[in-house]
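Engineer: So the chains spell out like this:
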Amino acid sequence: METVNIKINGRDYAVEKGITVLEAARYAGIDIPTLCYLKDINEIGACRLCLVEVKGARGLVTACVYPVNEGMEITTNSPKIRAARKMNLELLLSNHKKECLSCVRSTTCELQSLCNEYGVDENHFGGERTEYAIDDSSPSIIRDNNKCILCRRCVAACKTMQGIGVIGANDRGFDTHIGTAFDIKLADTSCINCGQCVVACPTGALYEKDDTAKVFEAIADPEMHVAICAAPSVRAQIGECFGYEPGTDTEGKMVASMKRLGFDGVYDMNLTADLTIMEEATEFLGRVKNGGKLPMITSCSPGWIKFCEHYFPQMTENLSTCKSPQQMFGATYKTYYAQKMGLDPAKIFFVSVIPCTAKKFEVGRADQSAAGVPDVDVAITTRELARMIQQAGIDFRSMQDEKFDTPFDIGSGAGAIFGATGGVMEAALRTAAEVIEGKQLEKLEFEDVRGTEGIKRATYKLGDIELKVAVASGTANAKKLLTAVENGEEKVDFIEIMACPGGCVNGGGQPYQPAKVRNNVDLRAKRAAVLYTADKNMDLRKSHENSAVKKLYDEFFGEPNSHKAHVILHTSYVKRGL
Amino acid sequence: MKKKLTTVEFHGTKEQEAKLLEIIEKYKDTKGAMMPILQQTQEVYGYLPVEAMQIIARETGKPIEEIFGIATFYSQFSLNPKGAVSIAVCLGTACYVKGSGDLYNKLGEVLGLEGGGTSSDGKFSLEATRCIGACGLAPVLTVNGNVYGRLTTADIEGIIAEYR
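From first to last, the protein sequence lines are chains A and B. Counting in the working numbering, the first sequence runs from 24 upward without gaps. Counting in the working numbering, the second sequence runs from 793 upward without gaps.
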């Protein structure tokens with residue numbers, strides 16, 4: 024590593040050549056404030072919060088885009104710098120809707136916390152403010168430009184990270200605002216509802232549509248049977264909302280808290296992840312055997328599904344027809360379980376909690392109503408569940424671990440890893456391999472498909488079949504992979520795609536983490552580690568060995584891909600185009 | 793000022809579309825070529841119709857929002873066709889201090905074109921311009937290139953009546 028010698032606040036450091044002042048300062052244990060900076064995807068020096076003094080430079084420089092040079096002398100903390108940063112915060116506030124008491128981002132807002140640190144006068148600059156109508160047309164995401172500081176982190180998340188670009192900066196000067204093409208409603212664009220813009224936003228300008236009131240209302244209704252199921256990755260994240268370090272498994276406390284909210288049943292979505300594998304692996308083997316459409320692509324991620332419908336409508340036949348684990352759960356609950364328990368499906372209110380904003384769109388999709396009523400009534404994000412727990416006065420941290428309710432309490436390790444990129448593929452491979460080879464696998468780990476890399480490829484030999492698989496997470500990576508497949512540059516049999524980079528553990532409904540953390544901690548790997556550790560420590564690690572799933576087939580569905588399974592557990596897609 | 797979408801119906805011809813496709817083809821593989829594409833598109837249509845931006849997005853594979861963002865950022869791009877009667881009010885410093893802002897607002901009011909734009913029948917268009925170099929006549933406006941100077945808001949109705 025080539026180094027340069029620099030001085031930061033009078034101390035000598037040797038740092039890597041070519042890094043920015045911001046990175047060098049971090050190396051020296053100094054945290055320079057930023058608002059617009061997101062490592063790799065938004066390095067534009069727009070917010071002017073990272074101003075520092077460099078000896079010999081004209082005026083203050085922006086640390087996030089200023090590379091270090093030999094002999095550079097940097098000051099990160101002087102009255103001049105503090106005054107400039109404070110002034111810039113006050114200027115941002117001059118055109119900001121300050122309803123911090125009730126704002127959804129209160130206490131997690133990066134602008135708020137910097138204003139606190141710098142002791143700003145929030146009304147220093149009065150005068151005109153731009154007023155914007157709130158766009159709540161999308162079932163998933165609300166845009167409130169009155170709180171936007173034009174940092175463009177959402178734009179970078181949408182365009183650079185996800186390869187979509189339905190939002191961007193329109194007009195100029197005082198009229199500059201983040202909007203869609205022709206300023207149409209977000210719901211009318213090719214937005215896939217992934218919510219990466221929401222987790223990128225430093226303020227309350229972007230947030231999920233809150234559905235917690237509907238859930239509280241249903242719980243309070245004595246006529247309704249209200250059940251909830253938790254997606255694999257929620258247990259790997261929700262602790263962060265209650266002060267735990269990222270990467271802490273809080274399944275037991277989460278279940279205990281959910282039970283105290285008053286649900287009639289608290290279940291584990293890992294179970295229907297296993298059910299998905301039974302259906303999907305069978306579907307895949309069927310396609311291989313009968314010359315069906317290949318490559319087959321997984322269908323668990325509703326953001327990915329909508330992406331495919333908009334950007335690759337010619338490939339919707341490649342999608343597995345399996346509903347997502349969330350929808351399979353609701354569908355099974357309102358058919359099988361309702362029958363078994365003598366419940367009226369119309370009187371069941373089924374809630375799912377997922378780290379995903381696109382699931383809010385999925386619940387309203389066509390062909391997702393197996394019992395004549397929507398399979399799932401409401402999908403809430405990890406953040407919303409945390410909010411409910413807080414509102415109900417439940418002390419999450421002091422909860423004793425509790426277990427999910429029967430008969431939907433058993434999930435395998437294969438189901439658990441569904442929340443990380445490559446997890447669905449690995450789960451499917453475990454089952455497909457044993458079905459094809461007719462004997463137990465010696466090694467259950469398919470390591471080539473693990474890890475946070477955007478695109479992963481592997482070839483496996485299962486029995487006589489040589490299987491080429493690929494895994495992509497983040498829709499920009501999906502686009503890259505599918506384009507190569509379409510052009511014939513790449514030959515693949517089975518593809519797993521998740522809309523969010525790193526998979527559900529990094530979903531749009533995950534707990535907020537400030538850029539300070541996002542830029543320096545690999546949240547995707549830390550949270551995924553929770554799931555892989557859980558899997559490793561389980562005895563039950565294969566979907567087809569899940570006794571609860573076997574029971575579902577014995578008592579109700581018959582066998583995977585049976586007619587009944589097709590009616591209840593499978594769905595269809597539309598070609599949306601652009 | 794925030795740019796407004798036009799309410800004038802799109803009357804693009806096949807020839808114009810062919811020219812547009814030619815322009816896109818020329819720049820398709822050039823990085824950062826959206827500016828010349830949009831400039832030349834405006835030469836073809838006289839403004840940037842939504843329909844043309846959609847074609848550019850489809851052919852270049854760029855998000856349509858990116859194109860709209862550029863079109864609304866630069867003052868050289870117009871989202872509205874020029875009217876048969878094209879009125880431009882000078883908002884340069886000299887005219888502005890002499891009250892051209894009031895002329896602009898009055899015209900907007902009389903023509904139903906508040907904040908500029910083109911009437912949906914395509915007859916009148918109103919725009920604000922920078923200094924046109926006739927400061928001695930401030931405040932000035934031009935109608936189809938004819939200069940009217942030393943105006944007050946009381947003159948507006950009369951000028952428009954000449955072109956109705």
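Treat the hints with caution; some may be incorrect.
[To be verified] Chain B regions said to be covered by chain A (calculated; three or more residues, Cβ under 8 Å):
1. 794–802
2. 853–864
[Claimed, not checked] List time: in silico DSS-like cross-link candidates among lysine-lysine, alpha-carbon distance up to 30 Å:
3. 818(B) to 208(A)
4. 854(B) to 549(A)
5. 232(A) to 854(B)
6. 316(A) to 818(B)
7. 282(A) to 573(A)
8. 854(B) to 514(A)
9. 502(A) to 794(B)
10. 502(A) to 854(B)
11. 820(B) to 503(A)
12. 818(B) to 503(A)
13. 232(A) to 794(B)
14. 514(A) to 232(A)
15. 598(A) to 806(B)
16. 514(A) to 820(B)
17. 40(A) to 854(B)
18. 598(A) to 874(B)
19. 62(A) to 811(B)
20. 120(A) to 796(B)
21. 823(B) to 502(A)
By construction, these hints were calculated from the structure, which means they are not laboratory data. All C-beta atoms in this analysis are idealised placements derived from N, C-alpha and C, irrespective of residue type, glycine included.
Engineer: Decide, hint by hint, whether the structure agrees.
Structural biologist: Each hint tested on the structure:
1. 794–802: Holds: 3 residues of the segment 794–802 of chain B have a Cβ under 8 Å from chain A.
2. 853–864: holds (count 9)
3. 818(B) to 208(A): violated, 33 Å
4. 854(B) to 549(A): Distance of about 34 Å is beyond 30 Å: violated.
5. 232(A) to 854(B): At roughly 29 Å apart (the allowed maximum being 30 Å), residue 854(B) and residue 232(A) satisfy the hint.
6. 316(A) to 818(B): Answer violated: residue 316(A) to residue 818(B) is near 37 Å, above 30 Å.
7. 282(A) to 573(A): holds, 26 Å
8. 854(B) to 514(A): Holds. Residue 854(B) to residue 514(A) sits at ~27 Å (cutoff 30 Å).
9. 502(A) to 794(B): violated, 34 Å
10. 502(A) to 854(B): holds, 13 Å
11. 820(B) to 503(A): At roughly 19 Å apart (the allowed maximum being 30 Å), residue 503(A) and residue 820(B) satisfy the hint.
12. 818(B) to 503(A): holds, 25 Å
13. 232(A) to 794(B): holds, 28 Å
14. 514(A) to 232(A): violated, 40 Å
15. 598(A) to 806(B): Since the Cα atoms of residue 598(A) and residue 806(B) sit roughly 28 Å apart, the hinted pair holds (cutoff 30 Å).
16. 514(A) to 820(B): holds, 28 Å
17. 40(A) to 854(B): Violated, because 35 Å separates the two Cα atoms, which is more than 30 Å.
18. 598(A) to 874(B): With Cα atoms ~38 Å apart, residue 598(A) and residue 874(B) exceed 30 Å; violated.
19. 62(A) to 811(B): violated, 41 Å
20. 120(A) to 796(B): Holds, at about 25 Å.
21. 823(B) to 502(A): holds, 20 Å
In this structure, the hints that do not hold are numbers 3, 4, 6, 9, 14, 17, 18, 19, in rising order.
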